[in-house]
Amino acid sequence: MPQVDARAPGRARSLSRGAIGAIGGAAILLTLVSVAALWQQSGAMEAGDAARRALEIQRQVVIVRQHITDVETGQRGFVLTGERAYLEPYDRGRGQIPADLDRLRRLTASDPEQQRRVDALAPMVTAKLQEMAGTVDLRAHGDAEGALDLVRSGVGKDAMDRIRADLDEIAADARGALQDLLDERTSRGRRSAFFIVLGNALALLVVATAAWILARLLARALAAEARRRESEARLYVTLRSIGDAVIATDHDGGVVFMNEVAQRLTSWSEADARGKPLADVFAIVNEQTRKTVESPVDRVIREGKIVGLANHTVLLSRDGREVPIDDSGAPIRDADGALMGVVLVFRDVTERNRAEAARRQAMWAEAARAQAEQANEAKDAFLAVLSHELRSPLSAMLAWTRVLERSPDDATRRARALAVLDHSIKVQVNLINDLLDVSRIVSGKFDLQRGPVDLVKELAECLDGLQPAMRAKGLTLVRTATVPRLVVDGDAPRLAQVMRNLVDNAIKFTPEDGRIEVRLEAVGGDAAFSVADSGEGFEPELATVIFDRFEQRSDPHSRRHGGLGLGLAIVRHIVLEHGGTVVASSPGPGKGATFTVRIPAAATLRTAAEIPVPDEEAVDLHGVRVLLVEDDADWREAVVLGLEERGAEVTVAASVPEALARFPEARPQVVVSDIGMPQQDGFDLIAAIRKLDGPPPRIVAMTGFADGATREDCRRSGFDVFLAKPFEPGRLVAAIGHLLAAR
Amino acid sequence: MGLTVLVVEDHVESADGLAELLQLWGHCAHVVYDGESALPVAREVRPDVALIDIGLPAMDGNALAAELRALEMGPRMLLVALTGYRDASVVCPEFDRHLEKPVVLDVLERLLADRGAV
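Residue numbers (the working numbering), protein chains in the order written: chain H, 1 to 743; chain R, 744 to 861.
Hints were generated in silico from the structure; no laboratory data involved.
Treat the hints with care, as some may be off.
To be verified - Some but not every residue of chain H turned toward chain R, in silico, with C-beta under 10 Å:
{"id": "1", "residue": "Pro98"}
{"id": "2", "residue": "Leu101"}
{"id": "3", "residue": "Ser187"}
{"id": "4", "residue": "Ser387"}
{"id": "5", "residue": "Trp400"}
{"id": "6", "residue": "Val403"}
{"id": "7", "residue": "Val420"}
{"id": "8", "residue": "Ser424"}
{"id": "9", "residue": "Arg515"}
Said to hold, decoys possible - So the derived label-pair ranges between C-beta atoms look like this:
{"id": "10", "chain 1": "R", "residue 1": "Asp803", "chain 2": "H", "residue 2": "Gly730", "range": "43 to 51 Å"}
{"id": "11", "chain 1": "H", "residue 1": "Leu740", "chain 2": "R", "residue 2": "Asp803", "range": "31 to 39 Å"}
{"id": "12", "chain 1": "H", "residue 1": "Lys426", "chain 2": "R", "residue 2": "Ala809", "range": "54 to 62 Å"}
{"id": "13", "chain 1": "H", "residue 1": "Val523", "chain 2": "R", "residue 2": "Ala809", "range": "54 to 62 Å"}
We put the CB at the ideal spot given by N, CA and C, even for glycine.
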């Protein structure tokens with residue numbers, strides 16, 4: 001519809017321009033035709049005048065001839081008779097002739113040829129008159145004979161013939177001219193008539209064209225007006241009935257229109273609001289800070305472009321209600337692009353917020369369910385093993401207790417019974433301790449009590465405790481400690497547990513008379529602890545699997561050695577929580593195994609377990625700018641929701657290049673990045689960020705690769721926190737709060 | 744009257760304790776720690792009763808029970824399953840009895856005494 005409205009006036013303009021041109025051209029043509037007609041008309045009139053003159057000349061020639069003949073007749077009559085009566089026409093004729101000639105001269109004034117003839121005529125007439133006067137004089141004096149002689153001499157007749165010839169010439173010339181003039185007058189008259197007809201036709205055409213154009217213009221104007229009214233009506237109805245609230249303002253921000261929804265949400269009637277500044281009617285504050293949010297209309301007027309509202313905006317209605325809203329403002333421009341006003345569209349997002357919260361809840365619930373399901377399967381398998389491992393020592397204890405009862409005096413049996421009881425109880429205690437540890441790990445309550453730990457001292461105590469077991473199997477222990485003290489920041493009992501588990505494992509899997517080598521040394525900034533045995537070893541591809549929780553080798557000897565298979569899982573967890581790494585290696589089954597642990601002397605990489613999770617509600621991330629880099633859309637969304645719920649301003653990027661592109665504008669205080677991403681990964685990102693100007697952000701790594709190598713890489717690359725996926729959103733929130741508090 | 748009892752159990756301390764107790768109860772006990780060793784011993788000693796742990800490595804208790812039943816004296820042998828589960832469905836029908844570990848020793852003693860009296 002706007003296109004039609006925009007085009008119609010232009011078309012009308014071009015139409016009227018064309019019309020003006022056509023009418024102007026036609027007017028010029030009409031003028032030319034009229035001039036031509038007038039010109040032909042005046043030519044015809046001139047020809048008519050000239051023809052009248054030619055007729056006069058002819059008539060005058062006749063008169064002249066008549067008068068001369070009259071004079072001659074009178075003269076002859078008198079000469080012959082002497083009667084005085086004949087002299088009367090003679091005298092009258094003589095008196096008239098000069099005037100006749102004068103008139104003839106005047107009539108022929110425009111024709112030099114005729115003039116010449118008239119000039120030649122005059123002396124001849126004078127001579128004739130003198131000749132006749134001579135005869136008359138002779139007769140009057142009585143000399144009739146002399147007079148007759150004169151007449152008879154023929155002089156008079158010759159003169160008279162010459163006069164007549166001259167007059168005939170004049171008359172003939174005039175007659176010829178008359179014919180030409182009459183022809184000319186006729187043809188000019190016809191041409192004049194033609195031009196008049198042509199002019200009339202043109203005039204008619206112009207009038208018809210003008211009338212047609214006017215009719216079309218009028219029809220168009222009427223149609224455009226009808227369309228405009230219809231579109232206005234439709235727009236009005238549309239704005240009225242639109243589901244969102246709509247407020248329109250003039251270019252100063254004064255309210256000019258509000259639809260029903262806007263009136264309901266603001267509790268302002270349109271009549272009351274009209275002309276009021278928008279800020280009075282549309283009062284908005286930030287949900288948390290309660291600070292007034294700048295009116296989007298002001299921004300639109302200032303920036304001249306469409307603007308959206310910040311999140312968490314609440315509309316304060318006139319009657320004191322608070323409505324969470326989502327809105328945008330857009331400039332209203334006239335056809336020339338000048339700002340006429342602003343249209344503000346907003347909606348009540350209470351329901352949407354509720355739905356979003358529910359969706360978030362559902363998303364976490366689903367993630368938790370999937371995790372629980374997976375855990376459940378592992379747990380079922382584990383429970384079967386656990387059941388066996390707990391019941392076996394119990395069976396032994398019950399049987400040997402009954403043996404003691406039945407034969408208390410049999411020294412051999414008693415000694416064996418007590419040894420079995422002692423061993424079985426220890427096995428049970430260890431099993432239960434491992435179970436409790438795993439339970440803590442699983443529930444995220446495996447907390448470290450950090451402090452300075454001298455690993456040399458811990459190792460000595462550990463080996464002392466295990467000496468009897470080694471001696472019992474005839475194992476040779478080779479210990480190498482290159483430094484007198486090796487202090488790390490960590491949890492002493494837990495680090496001792498790592499050493500004990502690894503050495504214990506070596507004892508368990510090394511056949512009698514085997515050899516165990518224990519090394520402790522400082523490598524770089526790390527403490528390196530390794531246990532190598534000459535025992536059973538394992539397939540090299542199992543090097544990482546053996547650390548998995550509940551993972552039990554299904555071959556016979558693992559069962560022969562008993563145990564839940566939790567020891568290595570616990571070792572790995574403790575080491576990782578210290579920001580360290582543990583690696584197992586073996587050349588193959590039967591060829592021995594080596595376990596190497598590295599603990600950073602001063603760990604900077606924090607793990608989730610090291611950061612206490614406070615009451616989640618207490619962590620306020622308002623005003624905290626976070627750049628989230630994650631290629632998995634579901635995780636990205638889940639994390640964004642978790643962070644925004646606590647008020648953080650999150651900028652998201654799906655890849656490293658995108659993250660770097662958004663970095664300058666986002667100015668993040670914290671970067672949360674996935675590690676494994678296609679093309680460029682989290683390590684590329686952190687390397688690039690370190691090169692940027694400005695205050696360096698804190699960086700959180702989140703990854704599904706929770707193995708030691710990845711964690712070690714994260715520590716070396718300078719990540720501040722390491723989160724293994726999946727994690728509770730509260731963990732990340734707590735980590736960010738912790739990082740910013742520590743700053 | 745004492746019975747000849749074969750104990751098949753991979754947990755050494757439990758197996759040994761059970762064998763000691765069987766002897767104190769007046770039976771003749773033979774112990775093996777895996778399923779494969781059980782068959783030759785059974786052929787040799789011709790046990791009246793076999794106490795078999797189900798969760799044995801390699802040849803498990805159910806497989807062993809079927810093999811024992813197939814022996815000449817198999818049909819007369821009392822086969823008792825020892826399991827870590829209360830659920831009897833893990834035990835094959837070859838077994839005459841199913842005892843949950845840890846075994847209530849009085850129940851076992853009476854069971855054997857009844858068998859000896861037959």
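Here is what the structure says about each hint:
Interface hint at proline 98 of chain H: violated, since its Cβ lies 172 Å from the closest Cβ of chain R, which is beyond the 10 Å cut-off. Interface restraint check: leucine 101 of chain H against chain R, minimum CB-CB distance 168 Å, threshold 10 Å, status violated. The criterion of a C-beta within 10 Å of any C-beta in chain R is not met by serine 187 of chain H, whose closest approach is roughly 135 Å, and the hint is violated. Given hint, serine 387 of chain H at the interface with chain R, holds; its Cβ is 4 Å from that chain's nearest Cβ, closer than 10 Å.
For tryptophan 400 of chain H, the interface hint holds, the least distance from its beta-carbon to any beta-carbon of chain R being 4 Å, beneath 10 Å. Taking 10 Å as the C-beta contact cut-off toward chain R, the hint placing valine 403 of chain H at the interface holds, the least distance being around 5 Å. A hinted interface residue such as valine 420 of chain H counts as satisfied when its beta carbon comes closer than 10 Å to some beta carbon of chain R; here the least separation is about 5 Å, so the hint holds. Nearest Cβ of chain R to the Cβ of serine 424 of chain H: about 7 Å, under the 10 Å cut. The hint holds.
The restraint placing arginine 515 of chain H at the interface with chain R is violated, with a minimum CB-CB distance near 25 Å, outside the 10 Å limit. A C-beta distance of roughly 46 Å is found between aspartate 803 of chain R and glycine 730 of chain H, which places it inside the suggested range of 43 to 51 Å. Judged by the Cβ atoms, the range 31 to 39 Å given for leucine 740 of chain H and aspartate 803 of chain R is violated: they are separated by roughly 58 Å. Checked against the hint of 54 to 62 Å, the C-beta distance between lysine 426 of chain H and alanine 809 of chain R comes to roughly 37 Å, which is inconsistent with it.
At about 57 Å, the CB distance of valine 523 of chain H to alanine 809 of chain R agrees with the hint of 54 to 62 Å.
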